[in-house]
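Please work from the sequences and hints to get the whole structure.
There are 2 protein chains.
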Amino acid sequence: MDINVVNALTYEDFVKLFGNVVEKCPLIPAAIWSHLPFKDLADVEAHIREFIHSLPDSGKEGVLRCHPDLAGLDLQSGTLTRESQEEQSQAGMTTLDSAESLQMYTLNTEYKERFGFPFVICARLNSKADIVRQLSERLKNDRAAERERAVEEVTKICSLRLRNIFLSDIQTKL
Amino acid sequence: MDINVVNALTYEDFVKLFGNVVEKCPLIPAAIWSHLPFKDLADVEAHIREFIHSLPDSGKEGVLRCHPDLAGLDLQSGTLTRESQEEQSQAGMTTLDSAESLQMYTLNTEYKERFGFPFVICARLNSKADIVRQLSERLKNDRAAERERAVEEVTKICSLRLRNIFLSDIQTKL
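As they're listed, the protein sequences go chains A and B.
Using my numbering, you'd call the opening residue of the first sequence number 1 and step up by one each time.
Using my numbering, you'd call the opening residue of the second sequence number 1001 and step up by one each time.
Since the hints were made in silico from the structure, they are not lab data.
You may find that some hints are simply not true.
[Unchecked claim] DSS-like cross-link-like pairs, simulated, lysine-lysine; straight-line CA separation at most 30 Å:
#, chain 1, residue 1, chain 2, residue 2
1, B, Lys1140, A, Lys16
2, B, Lys1140, A, Lys112
3, A, Lys156, B, Lys1140
4, B, Lys1016, A, Lys140
5, A, Lys39, B, Lys1016
6, B, Lys1112, A, Lys16
7, B, Lys1016, A, Lys128
8, B, Lys1039, A, Lys16
9, B, Lys1016, A, Lys156
10, B, Lys1039, A, Lys112
Next up, the structure:
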């Protein structure tokens, strides 16, 4: 997909196309449409990153709270977004044995109680073992450091989702 | 519903319950959960209003762009959110004759071309005639004034949606 095609989109088609590059936050792509025209994919990414970083701490935590648990209830009940389903599946979250499931549940619960938002990690860039290790390690952070760490992961997820859309044929998406 | 019940909710149940008080922007209730405990309904409202007003202009426009057209494509194709469906129906948008439909389509299109976001109005507080009149009048605003005007309507819609939830039995919503 050419950036000129993106720059010619109505806000409606732009939000339809990019609405879930940040999980369940169509507000964010809808906001950056105000900055059209974009130079390239990196420019779109930069605007999204800048928007998220401009949010107050509560807003950053709000973005995190729009994310599902890894190997959590939404995965079990089939209510993940298409993007999350693909990512969690790729990271092996759909094929955990019962001991691994229990471990994820226990760590996720501890994490949410400690921070008040879910553990977010770019699943496409991490194996099952990496995820468990990082979840355990990041539990030791303080809330402010962990918020920033998690937002970094949101921008990595966003970057890969954007790339996916840019590499695809726009006609199949609208 | 008692405010103590609200204050005892996990962020997950809070977002489930209040996720659409601002149309398709679960980020916003998810963000204000950081400010728990709330004093009362008015306090919840105030935090949401404050959050929206703290957004950069692009963010306010992003909130507006998450709204559907009045009597638009989503209504015709049955893809409105439950809340929007009820509101548009109550304002008579589901029973327009063909001349009225054409008029709404023409005015909405002109509005979106002029401002780059859709016409937002609290449908519950306005009759069909009011809506058409205000849409014609607000078309004369400049973009900055109209952005603020539309955000005011978002907070009115939010206020009524919040009241609806507070008046209902929480058990039916979770």
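Comparing the hints with the structure gives:
no.: 1; hint: Lys1140/B x Lys16/A; verdict: holds (28 Å)
no.: 2; hint: Lys1140/B x Lys112/A; verdict: violated (48 Å)
no.: 3; hint: Lys156/A x Lys1140/B; verdict: violated (42 Å)
no.: 4; hint: Lys1016/B x Lys140/A; verdict: holds (28 Å)
no.: 5; hint: Lys39/A x Lys1016/B; verdict: violated (37 Å)
no.: 6; hint: Lys1112/B x Lys16/A; verdict: holds (16 Å)
no.: 7; hint: Lys1016/B x Lys128/A; verdict: holds (28 Å)
no.: 8; hint: Lys1039/B x Lys16/A; verdict: violated (37 Å)
no.: 9; hint: Lys1016/B x Lys156/A; verdict: holds (26 Å)
no.: 10; hint: Lys1039/B x Lys112/A; verdict: holds (24 Å)
Violated hints for the displayed structure, listed by number in ascending order: 2, 3, 5, 8.
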